[in-house]
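K.L.:
Residue numbers (this note's numbering), protein chains in the order written: chain R, 250 to 710; chain W, 250 to 710; chain C, 250 to 710; chain U, 250 to 710.
These aren't lab readings, by the way, just hints derived from the structure by calculation.
A hint or two may mislead.
A pair holds if it fits inside one copy or across any two, identical chains being indistinguishable in the list.
Said to hold, decoys possible - Subject to a maximum C-alpha distance of 25 Å in a straight line, what follows is the list of computed DMTMM-like cross-link-like pairs (lysine to aspartate or glutamate):
no. : residue 1 : residue 2
1   : K663      : E306
2   : K493      : E475
3   : K533      : E347
4   : K709      : D375
5   : K663      : E676
6   : K710      : D275
7   : K674      : E691
8   : K692      : D630
9   : K452      : D535
10  : K663      : D375
11  : K452      : D287
12  : K663      : E644
13  : K291      : D598
Number of protein chains: 4
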Amino acid sequence: MIVRRSLLIALAITATLSGAAHAADDQSSLQPVLNAGDNVLKFDWPAVSVGTGEYEEGPTGVTVFRFDRRVHAAVDVRGGGPGTVNTDYLRIGYEVPEVDSVVFSGGSWYGLESTTAVATALKDDDIRDGIWTNLALSVGAIIYDFGDRRLNEIYPDKRLAQAAARAARTGMFPLGARGAGRMAKTGHIFDCGAYSGQGGAFKQIGDLKIAAFTVVNAVGVVTDREGRVAACYRDKDWPQGELKTAELFGAFPASSKQGAWRPMAQKLDAKRNTTVSLVITNQKLDRARLERLATQVHSSMGRALQPFATELDGDVLYAVSTAELEGPVDESPTPNVDLDIIASELMWDAVLASIPPQQQIKQPDPNVTFTTAQLRSFAGDYVFSPNVSVRVTVEGNKLVAQASGARPAFAIRKENTVELLPASKTEFVVPGRYPTTLSFTEKGKLVLNPGHWQQVGSRKK
Amino acid sequence: MIVRRSLLIALAITATLSGAAHAADDQSSLQPVLNAGDNVLKFDWPAVSVGTGEYEEGPTGVTVFRFDRRVHAAVDVRGGGPGTVNTDYLRIGYEVPEVDSVVFSGGSWYGLESTTAVATALKDDDIRDGIWTNLALSVGAIIYDFGDRRLNEIYPDKRLAQAAARAARTGMFPLGARGAGRMAKTGHIFDCGAYSGQGGAFKQIGDLKIAAFTVVNAVGVVTDREGRVAACYRDKDWPQGELKTAELFGAFPASSKQGAWRPMAQKLDAKRNTTVSLVITNQKLDRARLERLATQVHSSMGRALQPFATELDGDVLYAVSTAELEGPVDESPTPNVDLDIIASELMWDAVLASIPPQQQIKQPDPNVTFTTAQLRSFAGDYVFSPNVSVRVTVEGNKLVAQASGARPAFAIRKENTVELLPASKTEFVVPGRYPTTLSFTEKGKLVLNPGHWQQVGSRKK
Amino acid sequence: MIVRRSLLIALAITATLSGAAHAADDQSSLQPVLNAGDNVLKFDWPAVSVGTGEYEEGPTGVTVFRFDRRVHAAVDVRGGGPGTVNTDYLRIGYEVPEVDSVVFSGGSWYGLESTTAVATALKDDDIRDGIWTNLALSVGAIIYDFGDRRLNEIYPDKRLAQAAARAARTGMFPLGARGAGRMAKTGHIFDCGAYSGQGGAFKQIGDLKIAAFTVVNAVGVVTDREGRVAACYRDKDWPQGELKTAELFGAFPASSKQGAWRPMAQKLDAKRNTTVSLVITNQKLDRARLERLATQVHSSMGRALQPFATELDGDVLYAVSTAELEGPVDESPTPNVDLDIIASELMWDAVLASIPPQQQIKQPDPNVTFTTAQLRSFAGDYVFSPNVSVRVTVEGNKLVAQASGARPAFAIRKENTVELLPASKTEFVVPGRYPTTLSFTEKGKLVLNPGHWQQVGSRKK
Amino acid sequence: MIVRRSLLIALAITATLSGAAHAADDQSSLQPVLNAGDNVLKFDWPAVSVGTGEYEEGPTGVTVFRFDRRVHAAVDVRGGGPGTVNTDYLRIGYEVPEVDSVVFSGGSWYGLESTTAVATALKDDDIRDGIWTNLALSVGAIIYDFGDRRLNEIYPDKRLAQAAARAARTGMFPLGARGAGRMAKTGHIFDCGAYSGQGGAFKQIGDLKIAAFTVVNAVGVVTDREGRVAACYRDKDWPQGELKTAELFGAFPASSKQGAWRPMAQKLDAKRNTTVSLVITNQKLDRARLERLATQVHSSMGRALQPFATELDGDVLYAVSTAELEGPVDESPTPNVDLDIIASELMWDAVLASIPPQQQIKQPDPNVTFTTAQLRSFAGDYVFSPNVSVRVTVEGNKLVAQASGARPAFAIRKENTVELLPASKTEFVVPGRYPTTLSFTEKGKLVLNPGHWQQVGSRKK
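Pulled out of the complex, with its shape left as it was, chain R reads as follows:
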């Protein structure tokens, strides 16, 4: 089957050799949204700047970490589907600070454009150049935020990443569904489908500073220190009340059963994830110590994200030392491990801080009724992207919808129509495990799940 597809691809390649880009893939009209978000981690560390950029239309985004000096960095790769830039150089491990920025991005492998973009911005801004000792070194990693979680393939591109890099500011890190975490989700292994985001935590002990940042997009569930699942759209058959991660594992694999918008055809995509993380300290650490920090903190994340480091994730962690502080400040007999332990606990805090308020599941309102004529005013073909369209029609006195493009639109499938139940004068819902609200606007738009993660389709003329 793979072979057969290869042949088709071969034909496609031939066909497009002289072709131009698909118009719909042109991102030049998208507006970068920079440093958005009111829920912000504040921290006192002039050496560390953070800039976020988002394209609302995705939504998707990028988070750029810049430093006011070159820093030392190490990397630990544990997931089964990583996307990285320049990690081979880090592994050489010279005892010279050389890294200018760490870039996390949505958009899967396409989003790696963000990492090189920040290096180029530094060159264009005359901070770095082509002299060997003054080259810009940007490293990065991406999360998978495509698939059935959104209805388009917009990715954080060079323009967005450079804007975020230039907007970087010290002392503030937006929490929740911001930056690279704009379209992050967690818990797909149990079909939780929870919305996620980016988290951060900071601690200062005397002169020692440690910060932990993470874009939480794990196939596993976020778990707090009491063992509770932090966010999950539950299956209707599950117990309500407190939900423990250990319970989900105890019932595994039954607890991973298929949810409303994960039919088999889409199964693998729904379960593609990746968590990317960054731990920074101002303590000077040699290469082995920095790698130990990366290793221990990354291993510790298996507590906050369960499961972790799976084949379905592409987990990558960077450890950075700004080397502002010489030597350990701790009187402990094991100062290195102490630092690693404190950083690991901070990382757990950071993971917990990543969770945004979840999208509410709107219920149908039996008191709302429409005339057939009114229903017909909603009918139409709504285009979300080249591959996703929804056809809304009236059957009898019901409004129904069906996906009419190459891919489904959440609970609106290609195989059959689904009834849309009225929830208000402009809103309909498809009841189920996950939010599926359709809001029709006066301007001929269909907004799926209005709110922070909404998807907007336009009625075809």
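Given chain R, work out where chains W, C and U should sit, using these hints.
P.N.:
Relative to chain R, chains W, C and U alone:
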């Protein structure tokens, strides 16, 4: 300082170039104890045999896993102080089953002799030979079980490992302080000093078999699924009742403060550890899948052992496939990850199964009294090993002890005498956080902490 | 000193946070030159397409390898300064073909934009999308072609790489200073300063196909099978006639003495290099075999490039299997190694095929004379890039030049003026080990070293 | 087929679970031969001691490198069949010198016992102990010297390695077929079957010292700086006179055609090899620099050994710094690479120094005749090891031989008898590409290829 010691070492080397081995290091009179222990995990898997060997005089031991065919194996190294044999060959990753045995051993790097010993036994027993396609391939790893936890440097040697390999049997795995886990401990990062051991767990789902084995010797604490510390000698100032690992981290670094027998001079040794693990499945897995299994299971162990993969550990995990079963048996859309998840939960079970009943702390009995003459009958120099001796003397009407060799003996230090309080007609104790019971035998022996981990000294004539 | 520069950089960063890109860094007006070059390796392999793109103004370029199906790939990194994208994913090593393209580029780390650009082009062209199983996977590596070898910092960007990807064609590979090898050089360790390029070789044995491609930019010298240096601007004190690499090593480090345009201030840059290579076979190879192919071929390159894999190089080799051919076709007892050996010999051929005709050193012509007025017509400030300008003035009746920007221009230094000796009515030379010809055009341009690697400056008004 | 063999093995395992070692595998009566050999590299470096141990009966041996202080070490693994101990610890890369010894050994994976043996000797000799900061750290690697190159499976064991370690002396390194190189061979890829050994080279430049040592056992041919094959038993159809490595590759794969004693049944064994190497400098190098030294020198060995790093080799190189000398002494702009280059050239010298005088091929002497009775006095079953016996019989008036054990004995095969042609009153030969001389002694021994690599069989009573 390092340089200065190097000079001394240089002199030492010169001095001993023509010298013979220290007589006290001769292990030829030690008696191998094979497959000891009543607390046994039983499992139905003819392909997997386990043999354990122990030297009571250490105590220390070795655990040998043998297979009835050559198996596929991968390795994941995460700790900061690993000791391994032949892992480079595993990393080449040929799709041919070649591994004959996995060997875990006490004795730190000296214990690696156990791994090569099993290969040689296979050759000597005419199962393998020197033909390239029939070479014996044994891989292994060790734990650090020296330092201030025992008073000698006996290690599992070739003779012990070969005896254990030849005694290997299917279906039974001794739990607790047995085999390579004979002198394992955990929780030193919080000065818990808990006795530990080796654990195992087995699960069969249809034809699919998975087993998890581990020698738990972590600097971290064993943590159960409720977040509780599974074993720890607590500091007297700590709350009694349920002890949560999260509480210890919350109070860190205060919770890692120095215990009764960990003065600064010994600090680093007390906190040297290592957990070595093995996960086996009968499902055939290609190289990438087998490495994913190793990665995910090893990452998951950060839940059961907190902290994990520190600089003070040398954590190594081997993943083995016997390839008896073709393809995944699971109908799941993500069968590989399902296997990894189930194996990870099993490994948590295995860690929990490793904990032996702890050594009781004996209390002094105020009703027991001695005459000075009686006390004098206990006095003497008791030799535990070339480096450890205890001088018992009478001061006034008290019995006191002081370490008189190069190293201390638990709470009996070199710096000063410590009073021994009567607990019975032949036993004395040094009260404190950890067990320190001295039992004098009629044959002129001094037994420290009589029981499973006892140390025996002989009165110098 | 590093710290001090960091502070300056910090200021610079602050200053530019809200700034826009330097106008001079805008590459949007550069014209991609695609598939240029008459010296072409022809090969019969429909599965493999090659596209090259060049910016003459650099010069610099990119070489894109595309496949008509997804292919298996492995990577071997040996140099001390690699620049790579997505190698971590390759190392996971799934037995599924997933790689769409391999991209080699000039422009050092900035040139990595080329690798992600090709993936995005595949998405934009609707060959790939965001579905996990249909993501575009592009891997790549870069060479260092900045420093004192050219007078600007133009790099192969997204636009150039996408144009090259779309222009890819089967059966043809341009040899010499083309594509990513447009500004490659070799032999800097001996100050040879030879111009280099990209090479390729192809062999078919029955149904078995093997191709070797390489962008040769080594700090070492290209060496043929007779041990001769293939290209080198020799020091005037060196013997003429046949030059053996072994002789250069025999005289090392004297043979690495400083050349005419490598004063100490520039020393490290002149000696930054990197050779990136690709070996492709149509034989299906599992992961271990593919990695063995990469390892053996890369190791073998130490014969053709001496020295190789140094700290000053960033050598990376990708091995690709199109898996068109099942199993080894060879009756040899060691078919895998046979393949590796044949591929290694091909790679040596490929290296030798990379060398372009060298830039001739023009001699002054004592018969050419100028009046002072004529000389004055050449005078002026010629701007090559924001950092490089040359001031030409008349001293007495001599024309002299001095670098007036931040960086020197080959033999025209910042420290002092150098006399320009007439070579023709419009050309002057600076005699020395390396070519330094200045050609003044009627349009107020100064062309340095007219020809394939020329640098063009414009007279400031 | 593999599965079927596994079943047999399973039965074998069961059968021997309670069995004892094969008497013939008992090596306790073998006599260690220490520091043998008159052809010695002398070098002035008190920090470095070398001890060799050999068992003539193999022959096989071990080479132990000891240091008068703990040293820094890095490792580079490039071959397809490595055997190593404790390399994972080296890769952690602490900036603390910890390595006590590097051990090279014959005996394939069984020979790794030599590495742990040296660590244990240091403990037994009271130089090291069980305290974490004073553990002995020994690293090592092995070569494959079994297969059809010798008629037994004797390997360098603990006793031999400890004796060699204790006999280590400074300033002398035996060259040729000594120590671990006692039974080394090269060139099997071209069926050269040349005898090889261990080589060394030393250079001092001012205070800087560099030494290169290698046990050359490559499947490739040793190649000198003129491109000539240094040692090879040529095929009779090959040209005589100077033999260039490039010629052999040019004629490949024809040049790898089967030789006289490599029928297909033995093919893989004959072509199993491995070269293990050590480069030492007294300059202090941090981890990245030490790894660069290892990488560059190991890559450079592809010139002296062609092919190199194949699947049939297990090439491993250790790089060691004694850190006696702070900082680079070189005024070069690229001191690190200079060091690596010089070390690489030294390693080539070391490889060339490894070749011993080859075993002469004795010719039959037509003037020597025997009576049938005389011939009968030679007849008998000669046992070389449990697996190899040769039956000598008289057929008509000819002496013939046939292998009667499980394996052949060089040109004396199992399939048929081969005529033994008289060469002297006690010697017979089998003409062919390789030496096959049979010498009958008065004491009922049959010596195959009398001389340095002779194999001795005893007539069965």
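K.L.:
Looking at the structure, which of the earlier hints fail to hold?
P.N.:
Checked against the structure, no hint fails, so every one of them is satisfied.
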